[in-house]
Every structure is written in structure tokens, then in C-alpha cells.
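A.B. asks: The residues making up each chain are set out below.
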Amino acid sequence: MSDEEDDIILSELNDEELVAQMFDDLYDGLKEEIEEGVEILLERKWEPYDILTKALVGGMTIVGNDFRDGILFVPEVLLAANAMKGGMAILKPLLIETGAPRVGKMVIGTVKGDIHDIGKNLVGMMMEGAGFEVVDLGINNSVESYFEAMEAENPDILGMSALLTTTMPYMKVVIDTMVEKGVRDNYTVLVGGAPLNEEFGKAIGADAYCRDAAVAVETAKDFMARKHNQLAAG
Amino acid sequence: MTTPDDATLRDDGLAPPRDVGRVLLIACGALAREILAVKESRGWEHMALACLPAILHNTPDKIVPAVRAAVAKHKASYDKIFVVYADCGTGGQLKAACDEMGVEMVEGPHCYSFYEGNAAFAAREEVTSFFLTDFLCRQFDAFVVKPLGLDRHPELRDMYFGNYEKLVYQAQIRDPALEDKAKACADYLGLAYEYRFTGYGDLETALAAQA
Numbered sequence: 001m002s003d004e005e006d007d008i009i010l011s012e013l014n015d016e017e018l019v020a021q022m023f024d025d026l027y028d029g030l031k032e033e034i035e036e037g038v039e040i041l042l043e044r045k046w047e048p049y050d051i052l053t054k055a056l057v058g059g060m061t062i063v064g065n066d067f068r069d070g071i072l073f074v075p076e077v078l079l080a081a082n083a084m085k086g087g088m089a090i091l092k093p094l095l096i097e098t099g100a101p102r103v104g105k106m107v108i109g110t111v112k113g114d115i116h117d118i119g120k121n122l123v124g125m126m127m128e129g130a131g132f133e134v135v136d137l138g139i140n141n142s143v144e145s146y147f148e149a150m151e152a153e154n155p156d157i158l159g160m161s162a163l164l165t166t167t168m169p170y171m172k173v174v175i176d177t178m179v180e181k182g183v184r185d186n187y188t189v190l191v192g193g194a195p196l197n198e199e200f201g202k203a204i205g206a207d208a209y210c211r212d213a214a215v216a217v218e219t220a221k222d223f224m225a226r227k228h229n230q231l232a233a234g
Numbered sequence: 001m002t003t004p005d006d007a008t009l010r011d012d013g014l015a016p017p018r019d020v021g022r023v024l025l026i027a028c029g030a031l032a033r034e035i036l037a038v039k040e041s042r043g044w045e046h047m048a049l050a051c052l053p054a055i056l057h058n059t060p061d062k063i064v065p066a067v068r069a070a071v072a073k074h075k076a077s078y079d080k081i082f083v084v085y086a087d088c089g090t091g092g093q094l095k096a097a098c099d100e101m102g103v104e105m106v107e108g109p110h111c112y113s114f115y116e117g118n119a120a121f122a123a124r125e126e127v128t129s130f131f132l133t134d135f136l137c138r139q140f141d142a143f144v145v146k147p148l149g150l151d152r153h154p155e156l157r158d159m160y161f162g163n164y165e166k167l168v169y170q171a172q173i174r175d176p177a178l179e180d181k182a183k184a185c186a187d188y189l190g191l192a193y194e195y196r197f198t199g200y201g202d203l204e205t206a207l208a209a210q211a
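Same order as they appear, the protein sequences are chains Z and F. Read the first sequence against the UniProt record's numbering and you will find it ends at 234, with the numbers running on by one and no gaps. Read the second sequence against the UniProt record's numbering and you will find it ends at 211, with the numbers running on by one and no gaps.
Bound conformation, chain Z alone (with noise of 0.2 Å):
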């Protein structure tokens, strides 16, 4: 966070101080520094999963948290992410190797209409951190496109994200469509958008309204925590 960090060579740091300085680079969007952080804790021989929740996940939910507090803005929060996302790029193949705990499965897209994908990608990614696998719908779904998708995948989870309050009503026009199908209790629905609020998400038939990408983490974990709990039970 200061300019003495153009001095700091890495690999001279011991686990700890590179970690700490993981975090930093990470709220300063320092991309190839994340990357060289994470070959760093490789040839140390760490686990990718750990990495990834250590000092990857760790230093996002720092990065989330002044978000949420009003101390970071979305220009900071883009870089983070885009710096995270350099480091998940050389984990991801390693975390599918050492067979990671996988926590659950999400379908995740944009509704029809809409093209905003900034929400939805950092959801997506914070999701992966946290151990989901994410299917990537990308832009624009229509109703078939979320149901091919949870056809194909199975997930556990739908996320549905949109900006524009011209848009949000088409979550609705999906979740009816589940309903309509018979297929609504097959799924965790939960959706996310600025224009969105919790009034919204219950009116809609949703699961849960999820205000930004931790709480989605937070909120899919628990979701998920309640549907072991009930096959347990069951």
C-alpha cells in the first residue's frame, strides 16, 4: 500500500509476511505480484487449497468488507478480484488435481435483458473461492437457458443477478416457470443485483436475496449446511 513495496522481494519473506503481503497486494489490485505470491507458496510446497483460502479467499474478504463499510468502491474491488482471478488461474487446474473439497454447485447467470456481469462475476469467482464449482452462464439468459443449464449440471444453486429494474422482474418469470415445472424445491435460488432488496427476493419466490458477493458465499454455505443437515436427518 505504499511505494517501500516495490522494494519487497517476495521470496525473502517467510510464509506469514508473505501471506500478510498477499493480502496487501490483493486490496491493491497487483496482479502479477498475486501470481508470484501463489508460486511462491507452490514450490513451498503448500496446498493449493490452501492458497486458495488462506491467502487468496483471506485477502478478498478483507477486500469485500470495505466494500460493504463504504472504504473501498468498485474500481478497487474490480482490480482486487481481477489480481484474484490471476492467482485462481494457476490454482484452478491444481484444485481439480488434489480433488479440493467441493462444497456445492452453482448455475450462475445474468437475466434476459441484461448485460451487466460485474456483480455476477465477482460472485462467481468468490463462490469458486469458497470451494463451489460454478457453472457460468454468462449474459442475457432467458428462461430455456436456466434450465438447460440446471439440466445438464445438477447444481445445488441458482444464482440469478441483474442491474437494471427493468430486468429484475424476469427472475421472477423463471422461479414461476420452476414452480410450474415441479422443479422449484430441486434448487437453492438465490439472487443479487443493485436495484434488488430482500422485500423483492421474498415477493419473487426466491430463496434469499444476497446484497453482494460475501454475503452470497455466506448465504449459499448456509443453504447448503441446512440440505446436509436435512439428508442427515432424513
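Treat the hints with care, as some may be off.
[As the list claims (entries may be wrong)] Listed below are the simulated DSS-like cross-link pairs for lysine-lysine, each with C-alpha atoms no more than 25 Å apart in a straight line:
1. Z:Lys227 - Z:Lys105
2. F:Lys95 - F:Lys39
3. Z:Lys54 - Z:Lys92
4. F:Lys80 - Z:Lys112
5. Z:Lys112 - Z:Lys45
6. Z:Lys202 - Z:Lys105
7. Z:Lys45 - Z:Lys85
8. Z:Lys202 - F:Lys95
9. F:Lys183 - F:Lys166
10. F:Lys62 - Z:Lys202
11. F:Lys95 - F:Lys75
12. F:Lys146 - Z:Lys172
13. Z:Lys112 - F:Lys181
14. F:Lys146 - Z:Lys31
15. F:Lys146 - F:Lys95
16. Z:Lys31 - Z:Lys85
17. Z:Lys221 - Z:Lys105
[To be verified] In silico negatives: residues of chain F with every beta carbon more than 12 Å from chain Z:
18. Asp5
19. Asp6
20. Pro17
21. Leu36
22. His46
23. Ala76
24. Lys80
25. Ala122
26. Phe130
27. Ala142
28. Lys146
29. Tyr160
30. Glu165
31. Pro176
32. Ala184
It is worth saying that the hints were derived from the structure and are not from the lab. Cβ atoms here follow ideal geometry from the backbone N, Cα and C, with glycine treated the same way.
Once you have looked at the hints, place chain F on chain Z.
C.D. replies: Relative to chain Z, chain F alone:
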């Protein structure tokens, strides 16, 4: 009534005149010039204008409380209050607040829609267009470049605008200099450019219904 400069309209808004009229328009500062132009051309002397800071456009969650406070402040001094905002990203909450306060507001999702005419705008189904009005064109730096951090981090441009295809400049008045600026804005964002003269569209109709 003298029109205040854009920076004042952006950050402070506009206080209503001391002499109370029959109708108070509580508007977004981004609409002040246009409302005053319509008001003057129609000779609606009985209408007074108060504006909230236009920059609320970038934080829609602050619009409803600001409108509520303005209505509460002025309600006793006017026979009627008309809120010159569309939904403006409030997700229906502004309409709910206006209904609760017993005041009317402009129909439509946002000013891009009512300038063009809500029906015509909806019919176009323009998903991949980014819109500028006269005010937003003049205030492009303050409303787009700086809040999105593009001045400091131009590399973020495509993360914000990568899914857009064109910038549509909806002109309320004919001004070649503004058109040049709008074209430059489109280039800056890496988008195709379209000029569309709208005039005041449904804004004028909505005001006329309050006259």
C-alpha cells in the same frame, strides 16, 4: 429563473424559489435545464422547481430518502408536488414511497426512456446500448469516468463496457459541440456511436399533465 451551472446541479441541486407556487416540481438535477426550458416555453409560471443533486444518479439507494425528505420539507408550502424522477434504479421503491406520500412521479424506468418516449424506448429492446443525455454528456467525466475509476485505471474499461455495443446520444437540444463530445465519449469507451434527437419526449407530456 436563472439556470444554475451543471456542477451546482450535480452536487447541490437547486432550492425552490422563495415565492411559493401552486405546484412544486421536485426533480433530479440532471433535468433542471430541460424542465426550465419546457416551463418557460409553456409559460407555466405557477410551477416552481427544486432539484436534488444529480449525482444521486450514481447511488440510486440514496434517491428515495432524498425525495422523501424533500417532499416532507416542502409539502406544506405547495398545493401539489410532482416528483420528476423515473424509477432511476430504485427497483420500484421510489414509486412505493411516492404512493405512500400521496404524490405523483414520472412514469418509466429512467430518463433515457422517458426522453425517447417510454413506449418507443421499450419497443427498441436495446440491451447493449449505453445512453447519454445532454446533461450526462456534459458531465461525462463526473458521472462516468471518475466514479468508475477510468481516469486512474483505464484498463478497467472493458470490464465495465465490454458487453455494450454502442453509445446512444439522446439529444434534448441540437448542439453540434455536444454531439462532438458524445462521439468522443463513444470512442473513449470503445463503442459505436449513434445520435438520436429526442427533444423532451414524455418529460414534457408528464409536466403538461401537472399544469
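A.B. asks: Hint by hint, say whether it matches the structure.
C.D. replies: Outcome of the hint check:
1. Z:Lys227 - Z:Lys105: Holds, because 13 Å separates the two Cα atoms, which is no more than 25 Å.
2. F:Lys95 - F:Lys39: holds (24 Å)
3. Z:Lys54 - Z:Lys92: holds (15 Å)
4. F:Lys80 - Z:Lys112: Between F:Lys80 and Z:Lys112 the Cα gap is close to 39 Å, so the pair fails against 25 Å, i.e. violated.
5. Z:Lys112 - Z:Lys45: Violated, at about 45 Å.
6. Z:Lys202 - Z:Lys105: holds (23 Å)
7. Z:Lys45 - Z:Lys85: Between Z:Lys45 and Z:Lys85 the Cα gap is close to 21 Å, so the pair holds against 25 Å.
8. Z:Lys202 - F:Lys95: Holds, at about 19 Å.
9. F:Lys183 - F:Lys166: holds (11 Å)
10. F:Lys62 - Z:Lys202: Given pair F:Lys62, Z:Lys202 holds - Cα atoms ~22 Å apart, limit 25 Å.
11. F:Lys95 - F:Lys75: holds (17 Å)
12. F:Lys146 - Z:Lys172: violated (35 Å)
13. Z:Lys112 - F:Lys181: The hint is violated at about 32 Å.
14. F:Lys146 - Z:Lys31: Given that 25 Å is the threshold and the Cα spacing comes to 22 Å, the pair holds.
15. F:Lys146 - F:Lys95: violated (30 Å)
16. Z:Lys31 - Z:Lys85: holds (8 Å)
17. Z:Lys221 - Z:Lys105: holds (11 Å)
18. Asp5: holds (26 Å)
19. Asp6: F:Asp6 clear of chain Z: closest Cβ-Cβ about 23 Å, beyond 12 Å.
20. Pro17: holds (32 Å)
21. Leu36: holds (27 Å)
22. His46: holds (32 Å)
23. Ala76: holds (30 Å)
24. Lys80: holds (26 Å)
25. Ala122: F:Ala122 not clear of chain Z: closest Cβ-Cβ about 8 Å, inside 12 Å.
26. Phe130: At about 10 Å from chain Z, F:Phe130 fails to clear the 12 Å cut-off, so the statement is violated.
27. Ala142: Fine: 15 Å to the nearest Cβ keeps F:Ala142 off the interface.
28. Lys146: violated (10 Å)
29. Tyr160: violated (7 Å)
30. Glu165: violated (9 Å)
31. Pro176: Check passes; 31 Å lies beyond 12 Å.
32. Ala184: holds (21 Å)
Consistency with the previously given hints fails for numbers 4, 5, 12, 13, 15, 25, 26, 28, 29, 30, ordered from lowest to highest.
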